[in-house]
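2 protein chains.
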Amino acid sequence: MSDLQQSLFLKTLRGEPVPRPPIWIMRQAGRYLPEYMKVRESISFNDLCRTPEAACEVTLQPIRRFGFDAAIMFSDILTPLAPMGAEFEFGNGGPKLSRPVRDEKDIRGLSTYPSREGVPFVAEAIGLMKKELGDRTPLIGFAGSPFTLATYLIEGGGSKNYEHLKTMLYSRPELLQELLDKLGEQILDYLRMQADAGVDAIQLFDTWGGILHPVDYARMVLPVVRRIMDGLKDTGVPRIYFLKGSAPYNHLLRDLDVECCGIDWTQDLSLAITQLPGKAVQGNLDPLCLFGSENEIRRRATEICRQGAAAPGHVFNLGHGILPMIPPENAEALVDAVHAAGRR
Amino acid sequence: MSDLQQSLFLKTLRGEPVPRPPIWIMRQAGRYLPEYMKVRESISFNDLCRTPEAACEVTLQPIRRFGFDAAIMFSDILTPLAPMGAEFEFGNGGPKLSRPVRDEKDIRGLSTYPSREGVPFVAEAIGLMKKELGDRTPLIGFAGSPFTLATYLIEGGGSKNYEHLKTMLYSRPELLQELLDKLGEQILDYLRMQADAGVDAIQLFDTWGGILHPVDYARMVLPVVRRIMDGLKDTGVPRIYFLKGSAPYNHLLRDLDVECCGIDWTQDLSLAITQLPGKAVQGNLDPLCLFGSENEIRRRATEICRQGAAAPGHVFNLGHGILPMIPPENAEALVDAVHAAGRR
Chain W
152 MSDLQQSLFL KTLRGEPVPR PPIWIMRQAG RYLPEYMKVR ESISFNDLCR TPEAACEVTL
212 QPIRRFGFDA AIMFSDILTP LAPMGAEFEF GNGGPKLSRP VRDEKDIRGL STYPSREGVP
272 FVAEAIGLMK KELGDRTPLI GFAGSPFTLA TYLIEGGGSK NYEHLKTMLY SRPELLQELL
332 DKLGEQILDY LRMQADAGVD AIQLFDTWGG ILHPVDYARM VLPVVRRIMD GLKDTGVPRI
392 YFLKGSAPYN HLLRDLDVEC CGIDWTQDLS LAITQLPGKA VQGNLDPLCL FGSENEIRRR
452 ATEICRQGAA APGHVFNLGH GILPMIPPEN AEALVDAVHA AGRR
Chain R
152 MSDLQQSLFL KTLRGEPVPR PPIWIMRQAG RYLPEYMKVR ESISFNDLCR TPEAACEVTL
212 QPIRRFGFDA AIMFSDILTP LAPMGAEFEF GNGGPKLSRP VRDEKDIRGL STYPSREGVP
272 FVAEAIGLMK KELGDRTPLI GFAGSPFTLA TYLIEGGGSK NYEHLKTMLY SRPELLQELL
332 DKLGEQILDY LRMQADAGVD AIQLFDTWGG ILHPVDYARM VLPVVRRIMD GLKDTGVPRI
392 YFLKGSAPYN HLLRDLDVEC CGIDWTQDLS LAITQLPGKA VQGNLDPLCL FGSENEIRRR
452 ATEICRQGAA APGHVFNLGH GILPMIPPEN AEALVDAVHA AGRR
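In the order they appear, the protein sequences are chains W and R.
Heads up, the first sequence is in my numbering, so the first residue is 152 and it goes up one at a time.
Heads up, the second sequence is in my numbering, so the first residue is 152 and it goes up one at a time.
Derived from the structure by calculation, the hints contain no laboratory data.
Among the hints, a few may not be true.
Unchecked claim - The calculated DSS-like cross-link candidates involving lysine-lysine, where the alpha carbons are at most 30 Å apart (straight line), are: (1) W:K384 x W:K311; (2) W:K311 x R:K247; (3) R:K333 x R:K256; (4) W:K311 x R:K395.
All chains, full assembly: derive it from the sequences and hints.
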C-alpha cells in the first residue's frame with residue numbers, strides 16, 4: 152500500500168485506527184489567506200477555477216501554511232454547469248445567471264457532455280496538484296449536489312427563500328425531478344472523471360439540501376445523491392456527503408452507501424454519530440468560532456475530537472466553509488489543538 | 152366559561168378535543184394583503200406599530216378576510232427595545248441600529264423599564280383589539296426571545312453569519328449572558344403587561360435560536376426562555392414557544408413548561424410530536440408551499456392535519472411567516488383545506 156493510503160485522512164475514511172483525527176477545512180484555499188488574495192490580484196475567480204497552474208498554486212497554499220491532512224482541489228461548484236449551457240457571471244453580488252432555468256424548454260435546453268472534453272482544465276489541474284502533493288497529502292475532488300446546483304440554476308443565483316425552486320417543487324415536481332436527474336447524470340460523470348484523473352476522495356456538497364421537508368428530501372434529493380454515490384463505488388474512491396442542516400434528515404442517510412457524512416455545527420456530534428452507524432463523520436466546529444479566543448477554539452476543538460472518537464472514523468472540519476475575515480492565526484490555533492488531540 | 156375559552160384555539164392549547172385544528176398564520180397581518188398595503192400608503196411601519204387604532208385595524212384585516220381562529224396583535228419584535236435605548240430605523244434594507252451593542256458599556260447603557268409606561272400604546276392597542284374581536288376570536292400577544300433580540304442589537308440589524316454575536320459568544324460569553332439576562336427581564340415584564348391588558352395567549356418568537364450548537368443553546372438561550380415562560384405561568388395565559396430550526400434541539404424542550412411548541416417546515420411533524428410528549432404543536436407547512444398549486448396546498452395541509460392529530464393538540468400554522476408575494480387566494484385555499492380536515 153502506498154504512503155498516501157497510509158495517510159491519516161484515508162485511513163480514517165476506511166475506519167482504521169489513527170493516532171489523532173485528520174483535519175482539513177472547507178474553503179481552506181480562500182480569501183482568509185493573504186497569499187490567496189495576492190494571487191487574486193492578477194486573476195479573476197472564474198479564471199482561477201479554469202487555469203490549472205493557478206488553481207494548483209492556491210490549492211497548495213493552505214497545505215504549505217498549516218500542513219492540513221488533505222488538500223481539496225480549487226474549483227467552484229458552478230464550474231461544470233457552463234458547458235451545459237448555464238454560464239454564471241461572478242460579480243460582487245454573488246454568481247448570476249442571465250437566463251434562469253424555469254420551464255421545460257429551459258431544462259431541455261441544458262445539454263450533458265463528457266466532462267473530460269467539457270471541462271478539460273479540471274483533470275489537468277488534478278494532475279498538477281497530485282504531482283505537487285506527491286505521497287504526502289491526499290487530494291479531495293468535489294462537486295455540488297444536483298439539488299444545490301438546481302437552486303442556483305432556477306433562482307439564477309443565490310437566494311433567500313428559494314421562491315422559484317419551491318414554486319416548481321409545489322406545482323410541477325416532475326419538472327424539478329427532470330432537472331435533478333439531468334444534473335445527476337452530469338455530476339456522476341464529472342466525479343468519475345475526477346476519480347480517473349487521480350483524486351483520492353470525493354465530497355458532494357449539498358449546501359442547500361436542508362431547506363426541504365424530510366419527505367421532499369427523501370423523494371426528490373436523496374435518490375439522485377444515491378445514484379451518484381452508487382455510481383462512484385467501483386472507482387474505489389472514498390465518498391463524503393456533506394448535507395448542511397442535516398439534523399432532521401440524518402435518519403434518512405443511514406442506508407446511503409458513503410464512507411463519511413459531514414455534520415454541521417448546529418448538531419451534537421455524539422448524537423449524529425449514533426444516527427449514522429457504521430459511517431465516519433466529518434465536522435463540526437462552528438466556522439464562526441474562529442472569531443473567538445484561542446482558548447475557546449482549543450477547548451471546542453478538543454471536545455469535538457473527544458466526541459468524534461466514538462465514530463468508526465472522525466475527520467476534523469468546520470461545520471461549513473471558513474469565512475474571509477478569519478485571522479489565519481486562529482486557523483493555526485485550531486490545527487494545533489487537533490494535532491494535540493489523541494484518538495483511541 | 153366564556154365563549155372565547157370554548158374557541159378551537161384555546162381548547163386546543165388546553166389539550167381538549169376539537170372537531171378540526173384551529174388555524175392562524177404567522178405574519179397574517181401583512182404585506183400579502185392589499186388592504187394592509189392600502190393602510191401602509193398613509194403610515195410608516197414604525198408608526199403603525201405605535202398607533203393603536205391603525206394596529207387594531209390591520210390586526211383585524213386577516214380575521215375579516217379569512218376567518219382565522221386567532222388574531223395576533225400587530226407589532227414588531229423590536230418595538231420594546233426602543234425605550235431601552237435601542238431605537239431601530241426601519242428602512243428598505245431592514246431594521247438598522249445606529250450604535251450596535253458590542254461591549255460592557257453598551258450593554259449596561261441599556262435600561263429596563265416598566266412596559267406599561269415605556270410602550271403604553273401596546274396595552275392600548277390590545278384593549279381596542281379585544282373590544283373589536285369580542286367573544287369570537289382570541290388574541291395572541293407576542294415578543295421576540297432575548298436571543299433573537301440580542302442578534303439584532305449586537306449585529307445592529309439583520310445578519311447572515313452573526314459575526315459579532317458569535318465573536319462575543321466565543322470570546323466573552325459572560326457578556327452575552329448579561330445581555331440575555333437583561334433582555335429576559337424586560338421581555339417577561341413586557342409579556343406580563345400584555346397578559347394584564349387582556350391577550351388570550353402569548354407566543355415567544357425565537358427566529359434565530361437555530362444558529363447555535365445545542366450545548367450553547369442549552370446553556371445560554373434555554374434558561375432565559377424558561378425564566379420567561381415560568382414567570383408567565385401564574386397569568387394563566389397559554390404559552391407558545393416558536394424556535395425556528397428546532398430539529399437539533401427538540402429533545403432539550405421536553406421539560407420546558409409551555410403549552411405548545413411551534414415546529415418549522417424542515418421537520419417531520421410526526422417525529423417532532425414524539426420528541427415533545429404532552430405538548431400541543433403548531434405548524435408546519437412550508438410558507439413557500441403557498442406559491443404552489445391549489446391541489447398541492449390542499450394535499451399538504453390535509454397531511455399535516457392528519458399528522459397533528461397524534462399530538463395532545465395541533466394548531467395549524469405555517470412553519471415561518473407568510474411572504475409578501477403570496478397570492479391571498481392561496482391562503483384562502485389553505486384555510487378551506489384546514490376547515491375541511493377533521494380531527495379525532
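Comparing the hints with the structure gives:
1. A threshold of 30 Å between alpha carbons decides the hint, and for K384 (chain W) with K311 (chain W) the separation of about 35 Å lies outside it, so the pair is violated.
2. Distance hint between K311 (chain W) and K247 (chain R) is fulfilled; the C-alpha atoms sit about 19 Å from each other, no more than 30 Å.
3. Between the alpha carbons of K333 (chain R) and K256 (chain R) the distance comes to roughly 14 Å, so the proposed pair stays at or under 30 Å and holds.
4. Taking the CA atoms of K311 (chain W) and K395 (chain R), the gap is about 15 Å. The hint holds against a cut of 30 Å.
In this structure, only the earlier hint numbered 1 is contradicted, and the remaining ones agree with it.
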